[in-house]
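Undergrad: Use these hints to put chain E onto chain L, whose structure you have.
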Amino acid sequence: MEVPVMTQHNEVNRIRIHYAKGDSLRFIGHLDLQRLWERTLRRSALPLRYTQGYHPRARLNLASALPLGFISDEELLDFWMDLPYPIEQIEARLKAAVPPGLTIQSVRNIDLGEDALQVQMKASEYEVTFYDRQAPEVLSRKVDQLLSQDEIQHTRRKKTYDLRPLILELEAITHSSGECGLLMRLLAEPGATGRPDDVLDELGYPNTDYLVRRTRLILAESFGVSSVESQSPGLRS
Amino acid sequence: MPLSPKNNLQQQVERLLPTVVKPGRYVGGELNQTVKPWDSVQTHVALVFPDIYDLGQSNLGLAILYDILNQRNDVAAERAFAPWIDMEAALRAAGIPLFSLENKRPLGDFDIVGVSLPYETIYTNFLNILDLSGIPLYSVDRTVEHPLVIAGGQAVYNPEPVAPFVDAFAIGEGENVILEIVDAHQAWTGSNGSRQDLLVALASIPGVYVPALVTVGYHPDGTIQSVVPGHPAVKLPVDKRLLAEFPPPLSRFLVPNIEVVQERVSLEIMRGCTRGCRFCHAGMVNRPIRERSVPEILVALEAGLDQTGYEEISLLSLSSSDHSQIIPLIEGLQTLLTERQVNISLPSLRIESFSDELMDVLQKLSPGGGFTLAPEAGTERLRNIINKPISDAELMATVRSVFQHGWTSLKLYFMIGHPQETLADVEAIAELCKAILQEGRRLVGGRARVHAGISTFIPKPHTPFQWAAFDHPDLIDTKIITLKDALRGSKIKMTWNDPQGSQLEAWMARGDRRLAQVIHQAWHNGARFDAWGDQFKIEPWQEAFSTCGLDPDFYGSRSRGLDEILPWDHINAGVRKTFLLEDYRWSLEGKVRPDCREHCYACGILSSFNELRLAAPGGGWKCP
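Sequence order for the protein chains is L and E.
Numbering (the numbering used here) for the first sequence: 1 to 237.
Numbering (the numbering used here) for the second sequence: 1001 to 1624.
Don't take every hint at face value.
What the hints assert, rightly or not - Distance condition first, Cα-Cα at most 30 Å in a straight line; then the derived DSS-like pairs of lysine-lysine:
1) E:Lys1577 - E:Lys1591
2) L:Lys95 - E:Lys1006
3) E:Lys1006 - E:Lys1036
4) L:Lys159 - L:Lys122
5) L:Lys95 - L:Lys122
6) E:Lys1591 - E:Lys1411
7) E:Lys1434 - E:Lys1411
8) L:Lys95 - E:Lys1036
9) E:Lys1537 - E:Lys1022
10) L:Lys158 - E:Lys1022
11) E:Lys1493 - E:Lys1364
12) L:Lys159 - E:Lys1022
13) E:Lys1591 - E:Lys1622
14) L:Lys142 - L:Lys159
15) E:Lys1022 - L:Lys95
None of these hints come from the bench; they were simulated from the model.
Isolated chain L (complex conformation) (with noise of 0.2 Å):
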């Protein structure tokens, strides 16, 4: 094992991993993917800091739970270690330690000040593919239906909400390949989360006919990610 470059003493420093979810791990959940993400951390060797009592876990957080069923081209992770780490040993570490399905796309450190990635969170952007050849005039009439209703009211396990304000934009695209497809950017705030699922279901798509990956997360302004109404001049809302 390498020795660590000390630079500072009982510090504690905060790591944010860019990360992609792949098919081998759309059927895991959000809990489940947290104790994956710990075992992977602890693979890794790295000085973590730990929670006390008698079942010590890493200190971890994620942005934003993936429904299960879906992939994803962004999501982030941050966790704390007791010493400093030069970033690329950090890298390289969680690079030897991923369990297949998951890839690293950066490693950086964060301000230990910084708010929670939750709170932080404001909307997420995914794409959905068909299983089954759709045709297109069919899915952009769906689509400008449904955004042309003011308000959308959903049930989801026996909880009847608005759907409608926590669309952010959605529309109906053609894929390179020539399959079409959807776009839809959601609300992700503390409280008003909006899910592709939902909304697919308002079109008339069950669970079983489509596949959907989130391929963007969009935190709030103050942390140098552009905010949501200056990324979105195309926004229907």
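TA: Here is chain E on its own, set in the frame of chain L:
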């Protein structure tokens, strides 16, 4: 990120998965999984645990076989588990066969399907898996086009109830014999031989039992008249396989992506047990005792943690506190655990082998939490009969020590239904628990908790109690009610097993080959997941017995004649029938047989396996 190419079955399954609970059970893709290109190997082995992934993935035996087989370049071992009820329905509705998690291939595509049968209440799931895979249920109906179906595990020491469904059983420890079976299959594949040729070749391997080549005859009363080899290659009895020395422990564990029952680095520190509890199947069939050394254990645990990132380790054995180096081992673990921020579980500690020193190190290792002891019976008289001779004074001394060392919660395991048990013995369980709680309150005050876990004694083959009757369920009910009444208002928590589930286990454990039709019929009547309290129903079984014209009491609440040919007599687990009979007679006299590490009582292991022992003088074999 490009998606990996998927076969047709995979694409179909992908569309079913959003409709079932815990779809992560059916996708594989875990860390340390081994996937070989399908056409790159000669022999494909499916390793099947006939219960759901969440249970089966933690099975250490299958993990070991998976590792051993996949180390061979010419073999691919893949996993399959029982689909849960919803997934079974989805697969059947879509006409999709059960498939392996690695290459997503139907089980029917494999050369060998190896099934783990660790307990008897898994038999209907086994049939269901064959059916879902399109593999004929009966060995006799399979052709060279079908996989070879083999089975192993603790339940197959009496293979007879499932004999017609299995082509070959591997009796005993599987680490070596599995490779010999693969070799025999490869030689047969190259020979263009018939299926019968394969069975004969397998029957020639020590430890392999091919039931199709053995004929069983019955007396008019249903007891067995004869067990006769049907081919010159068959030698009866079939001796179990045994490893003279422990192989290096597994450290490359597959790490499940979804939550499963035991997520930890598991390591056997010892195999076998010398205590000789007369009810204990594992203690009899897993003889002799073999130990792993402390350095080997520590190195393997560290490697296991490196490979998995698990937060917990578990040391497995039938009686951990009997390991000759238990204190150095636990002390060695302390450093490892602190550095790594991991927890430990150390089951199976014996009441009488506790020293204050052991308590001290255990308390440091695992502060807080509960402590578990297994007196098994409420009176000294009955503990002598079952050969777990712990005096009340010894038990109370251990209990005091537990509370004095800082534990406040104590779980006590008891069995009801032991041979010669009276209602007074049952009432004594309650009295004992109350006395223990009182002692706990005296030492740690109101925080003291006592939990009584009550299971039902099931006579098992190859044990001194193999001739004993299983209590009639009505009597078990009476005993449970007696206990509940006696514990009412005592603040002692009591849990117990469903007597009907125990009854099924009792029928199967000592069943003969005729039970196969009952299992088949029960499965046909809808029996599945019989080991699951919320799924098990007795009616399909009662109807099945009735349809087949067999009397369940013949298998359950009947004492076997001492001169009877027992259905498993032609399987040699190492301990001789004459020894078991002597021990049974001792039990009737209340005579205790001491731990055999100090003195050999000639159980049969040494005479059966002496050559093996001499060939491996350095092993941790602990017979005197």
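Undergrad: Holds or violated: are the alpha carbons of Lys142 (chain L) and Lys159 (chain L) at most 30 Å from each other?
TA: holds (24 Å)
Undergrad: Does the alpha-carbon distance linking Lys1006 (chain E) and Lys1036 (chain E) stay inside the 30 Å limit?
TA: This hinted pair holds, its Cα atoms lying about 15 Å apart.
Undergrad: Take a quick look at whether Lys159 (chain L) and Lys1022 (chain E) sit within 30 Å of each other, Cα to Cα.
TA: holds (22 Å)
Undergrad: Holds or violated: Lys1434 (chain E) and Lys1411 (chain E), Cα atoms, limit 30 Å.
TA: It holds: about 13 Å lies between the C-alpha atoms, which stays within 30 Å.
Undergrad: Keeping to a limit of 30 Å between CA atoms, is the pair of Lys95 (chain L) and Lys1036 (chain E) held or broken?
TA: holds (23 Å)
Undergrad: Starting from Lys95 (chain L), check that the Cα of Lys122 (chain L) is at most 30 Å away, please.
TA: holds (28 Å)
Undergrad: Given the proposed pairing of Lys1591 (chain E) with Lys1411 (chain E), does the C-alpha separation stay at or below 30 Å?
TA: Measuring from Cα to Cα gives roughly 28 Å; hence the hint holds.
Undergrad: Next pair to validate is Lys158 (chain L) with Lys1022 (chain E); report whether the Cα-Cα distance is within 30 Å.
TA: Holds, at about 21 Å.
Undergrad: Decide if the proposed pair is consistent with the structure: Lys1591 (chain E) and Lys1622 (chain E), CA atoms, cutoff 30 Å inclusive.
TA: holds (24 Å)
Undergrad: Below or equal to 30 Å on CA atoms is what counts here, so check Lys1577 (chain E) against Lys1591 (chain E).
TA: holds (18 Å)
Undergrad: When you check the alpha-carbon spacing of Lys1022 (chain E) and Lys95 (chain L), does it fall within 30 Å?
TA: It holds: about 28 Å lies between the C-alpha atoms, which stays within 30 Å.
Undergrad: With the threshold set at 30 Å, check whether the alpha-carbon distance from Lys159 (chain L) to Lys122 (chain L) stays at or below it.
TA: holds (23 Å)
Violation of the numbered hints given earlier is absent; every hint is satisfied by the structure.
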